[in-house]
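Asker: Here the protein sequences line up with chains A and B, keeping their order.
One gets the numbering used here by counting positions in the first sequence from 1 and adding 5 to each.
One gets the numbering used here by counting positions in the second sequence from 1 and adding 28 to each.
No lab work stands behind these hints: they were computed from the structure.
Backbone N, C-alpha and C fix where the C-beta goes; we use that ideal spot for every residue, glycine too.
Check before you lean on any hint, since a few could be wrong.
What the hints assert, rightly or not - Residues of chain A placed beyond 12 Å of chain B at every Cβ, according to the derived structure:
no.	residue
1	Gln11
2	Pro23
3	Thr29
4	Ser33
5	Lys63
6	Tyr66
7	Lys74
8	Thr77
9	Asp90
10	Pro121
Unchecked claim - Distance ranges between label pairs, derived from CB positions:
no.	chain 1	residue 1	chain 2	residue 2	range
11	B	Met47	A	Arg47	16 to 26 Å
12	B	Pro67	A	Pro12	29 to 39 Å
13	A	Ser31	B	Glu80	41 to 51 Å
14	A	Pro121	B	Lys85	22 to 32 Å
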Amino acid sequence: AQSVAQPEDQVNVAEGNPLTVKCTYSVSGNPYLFWYVQYPNRGLQFLLKYITGDNLVKGSYGFEAEFNKSQTSFHLKKPSALVSDSALYFCAVRDESGTNAGKSTFGDGTTLTVKP
Amino acid sequence: NAGVTQTPKFRVLKTGQSMTLLCAQDMNHEYMYWYRQDPGMGLRLIHYSVGEGTTAKGEVPDGYNVSRLKKQNFLLGLESAAPSQTSVYFCASSYSRWSDRGRNTEAFFGQGTRLTVV
Chain A
6 AQSVAQPEDQ VNVAEGNPLT VKCTYSVSGN PYLFWYVQYP NRGLQFLLKY
56 ITGDNLVKGS YGFEAEFNKS QTSFHLKKPS ALVSDSALYF CAVRDESGTN
106 AGKSTFGDGT TLTVKP
Chain B
29 NAGVTQTPKF RVLKTGQSMT LLCAQDMNHE YMYWYRQDPG MGLRLIHYSV
79 GEGTTAKGEV PDGYNVSRLK KQNFLLGLES AAPSQTSVYF CASSYSRWSD
129 RGRNTEAFFG QGTRLTVV
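For reference, chain A alone in the conformation it holds in the complex:
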């Protein structure tokens, strides 16, 4: 079955420090992987994606993520955190194979808090 795990409910970092938000996934075919951010009382906004190609993908607001096929991981990273990065982050996987083509599953989310 298709699934996404975000093992940390909460990540706290100091402004200026690097941040990592973890994500692992399970899918039957080749995965489409995504990160989204949600600010309070808002819908989700796309940050970045991995479809194919380079394992390191860069996205909006200085975020990047590394696809690791052997570890089935897609961790979100940023070299220097900003207070304005504080939000709820979701990892998602979309299956594009067989009968599950198009099915898109999200993790439970990780609350990132960046302190000044």
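Since the structure of chain A is already known, use the hints to place chain B on it.
Answerer: Coordinates of chain B only, in the frame set by chain A:
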């Protein structure tokens, strides 16, 4: 472009009442989704559709029905609302693998519908 529009934004229902949530997208996306978001449980997929006239069950389909009669609209119905269906509902849409040309595969989300069942 309006993107993804959800109607209504807020609603209070009494137990046993029915209602329909409407999602409309103007991006010619093949895929459409309904999710519910509850505290500590992330986004859970209720139903999804990979094209006009097709629907499929997600992780938590019980108590909900959907229809995709037109490509741009995806309706979520609650036939007999229960307090357990109190949640924030999000609709999303995206291109399919075959039409996105690898560029715009991501999902676009509506602003959400806050539903309370009392």
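Asker: Taking the hints in turn, state whether each one holds.
Answerer: Cross-check of the supplied hints:
1. At the 12 Å boundary, the C-beta of A/Gln11 falls inside the reach of chain B, the nearest C-beta of that chain being 8 Å off.
2. At the 12 Å boundary, the C-beta of A/Pro23 stays outside the reach of chain B, the nearest C-beta of that chain being 25 Å off.
3. Residue-level check passed: A/Thr29 sits 14 Å from the nearest beta carbon of chain B, beyond 12 Å.
4. Listed as outside the interface, A/Ser33 is consistent with that label: its C-beta sits roughly 15 Å from the nearest C-beta of chain B, beyond the 12 Å cut-off.
5. Look at A/Lys63: its CB is around 14 Å from the nearest CB on chain B, clear of 12 Å, so calling it non-interface holds up.
6. No beta-carbon of chain B comes within 12 Å of the beta-carbon of A/Tyr66; the shortest separation is about 15 Å.
7. With a closest Cβ-Cβ approach of about 18 Å to chain B, A/Lys74 is found to remain outside the 12 Å limit, as its non-interface label requires.
8. Non-interface status of A/Thr77 relative to chain B is upheld: no Cβ of that chain comes within 12 Å, the nearest being about 18 Å off.
9. Distance check for A/Asp90 against chain B: the nearest CB is about 19 Å away, which clears 12 Å, and the non-interface claim stands.
10. For A/Pro121, the condition that its CB be more than 12 Å from all CB atoms of chain B holds, with the nearest at approximately 26 Å.
11. Taken as a hint, the range 16 to 26 Å holds for the pair B/Met47 and A/Arg47, whose Cβ atoms sit roughly 23 Å apart.
12. About 18 Å separates the C-beta atoms of B/Pro67 and A/Pro12, a value inconsistent with the hinted range of 29 to 39 Å.
13. Distance hint for A/Ser31 and B/Glu80: a CB-CB separation of about 30 Å, inconsistent with the stated range 41 to 51 Å.
14. Between A/Pro121 and B/Lys85 the C-beta distance comes to about 45 Å, which lies outside the given range of 22 to 32 Å.
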